[in-house]
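Student: Model the full structure from these sequences, guided by the hints.
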Amino acid sequence: MGFLESVRMALRALGANKLRAALTMLGVIIGVAAVIALMSIGRGIQASIQAQIQALGSNLLFVSPGAQNQGGVRTQAGSAPTLTYEDALAIVESGRVPEVLSVAPESGGFAQVVANGQNTNVRVTGVTPSYEDVRNFHAAIGEFITRDQVDSRSLVAVLGANTKTLLFGEGDAIGQTIRVNQQNVAANLRVVGVLEPKGSGFGGSQDDLVLVPITTQMTRLNRARTSRGGFTVSSINVQLADEKIETSNLAVQNIGDLLRERHRVIQDDFTIRSQQDILNTATQITGAITLFLGAVAGISLLV
Numbered sequence: 359m360g361f362l363e364s365v366r367m368a369l370r371a372l373g374a375n376k377l378r379a380a381l382t383m384l385g386v387i388i389g390v391a392a393v394i395a396l397m398s399i400g401r402g403i404q405a406s407i408q409a410q411i412q413a414l415g416s417n418l419l420f421v422s423p424g425a426q427n428q429g430g431v432r433t434q435a436g437s438a439p440t441l442t443y444e445d446a447l448a449i450v451e452s453g454r455v456p457e458v459l460s461v462a463p464e465s466g467g468f469a470q471v472v473a474n475g476q477n478t479n480v481r482v483t484g485v486t487p488s489y490e491d492v493r494n495f496h497a498a499i500g501e502f503i504t505r506d507q508v509d510s511r512s513l514v515a516v517l518g519a520n521t522k523t524l525l526f527g528e529g530d531a532i533g534q535t536i537r538v539n540q541q542n543v544a545a546n547l548r549v550v551g552v553l554e555p556k557g558s559g560f561g562g563s564q565d566d567l568v569l570v571p572i573t574t575q576m577t578r579l580n581r582a583r584t585s586r587g588g589f590t591v592s593s594i595n596v597q598l599a600d601e602k603i604e605t606s607n608l609a610v611q612n613i614g615d616l617l618r619e620r621h622r623v624i625q626d627d628f629t630i631r632s633q634q635d636i637l638n639t640a641t642q643i644t645g646a647i648t649l650f651l652g653a654v655a656g657i658s659l660l661v
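Count the sequence shown with this note's numbering and you get residues 359 to 661, in order.
No wet-lab data here; the hints were simulated from the structure.
Remember, it's a predicted structure, so these values are computed and weren't measured experimentally.
Possibly wrong hints are sitting among the right ones.
[Claimed, not checked] Restraint ranges, calculated between C-beta atoms of paired labels, are given here: (1) V390 - I532: 49 to 59 Å; (2) A391 - E528: 38 to 48 Å; (3) D506 - E451: 14 to 24 Å; (4) L384 - R631: 47 to 57 Å; (5) V472 - P555: 20 to 30 Å; (6) T478 - V623: 32 to 42 Å; (7) R581 - E554: 29 to 39 Å.
Glycine residues also receive a C-beta, built at the ideal position from the N, C-alpha and C atoms.
Tutor: The structure is reproduced here in structure tokens:
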């Protein structure tokens, strides 16, 4: 039987079973489309997460309280947080971590913010001037937190884009007063700046926040201290001099040695993660999601 004869027989079979042929073709088309669509969604999620990680800043290490065991679960070494503002200063001022370009400690938590007859609950974070460049938070209007404001524990605030809009609408927020109530401690703060929109990030929108001088946060709002009396911070953002893996590895080792010595511990009571570590973990997770979505869609081709 020749090729043309085979084609004619196939066409006659299709003509005799038009409905079955149509349903089979429809199933194949839908199955292929589902595979392509879900794989594209998975890759889109992966690209979005990678973009959010890159938006955190460049050449970064993140130091957090609590050790991380082999299972990846962070455990607190004691009843009190373990990282302090003094730890952050030591990383950059001790001379023992030459790989570090800058540090940006942060300390904060959610608080009630009231102004202009409006009320919202957002994260209020104490920062230093270096936070602007290390974490890519820049003022669109007014100014960022300054060194003088940190040194004098000034009662000032910089609003995230969404927070500004919610509290003041299209009006001018600069010079206005907001009232922050955090852990039953309240303070009136003068608005000195509004941040550029950042969009969504890990843990939600990066535009729903209020930044204050870290010394104001530690002494006037959240006065938590470690068991050794140091002012606590929720994390320390460390910017490295370059993006070489060798630089990152040396910095992790040197920071670890310094903090263990300062905390007088043998086992870490902190966790150090690089931006690449976070990116690798996110890539693994989103890659697994993409494969799962592709497998689910592929099943439709077999049904």
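Student: Each hint needs a verdict: does it hold in this structure or not?
Tutor: To see whether the hints hold, each was checked on the structure:
| no. | hint | verdict |
| --- | --- | --- |
| 1 | V390 - I532: 49 to 59 Å | 56 Å, holds |
| 2 | A391 - E528: 38 to 48 Å | 44 Å, holds |
| 3 | D506 - E451: 14 to 24 Å | 19 Å, holds |
| 4 | L384 - R631: 47 to 57 Å | 49 Å, holds |
| 5 | V472 - P555: 20 to 30 Å | 23 Å, holds |
| 6 | T478 - V623: 32 to 42 Å | 39 Å, holds |
| 7 | R581 - E554: 29 to 39 Å | 31 Å, holds |
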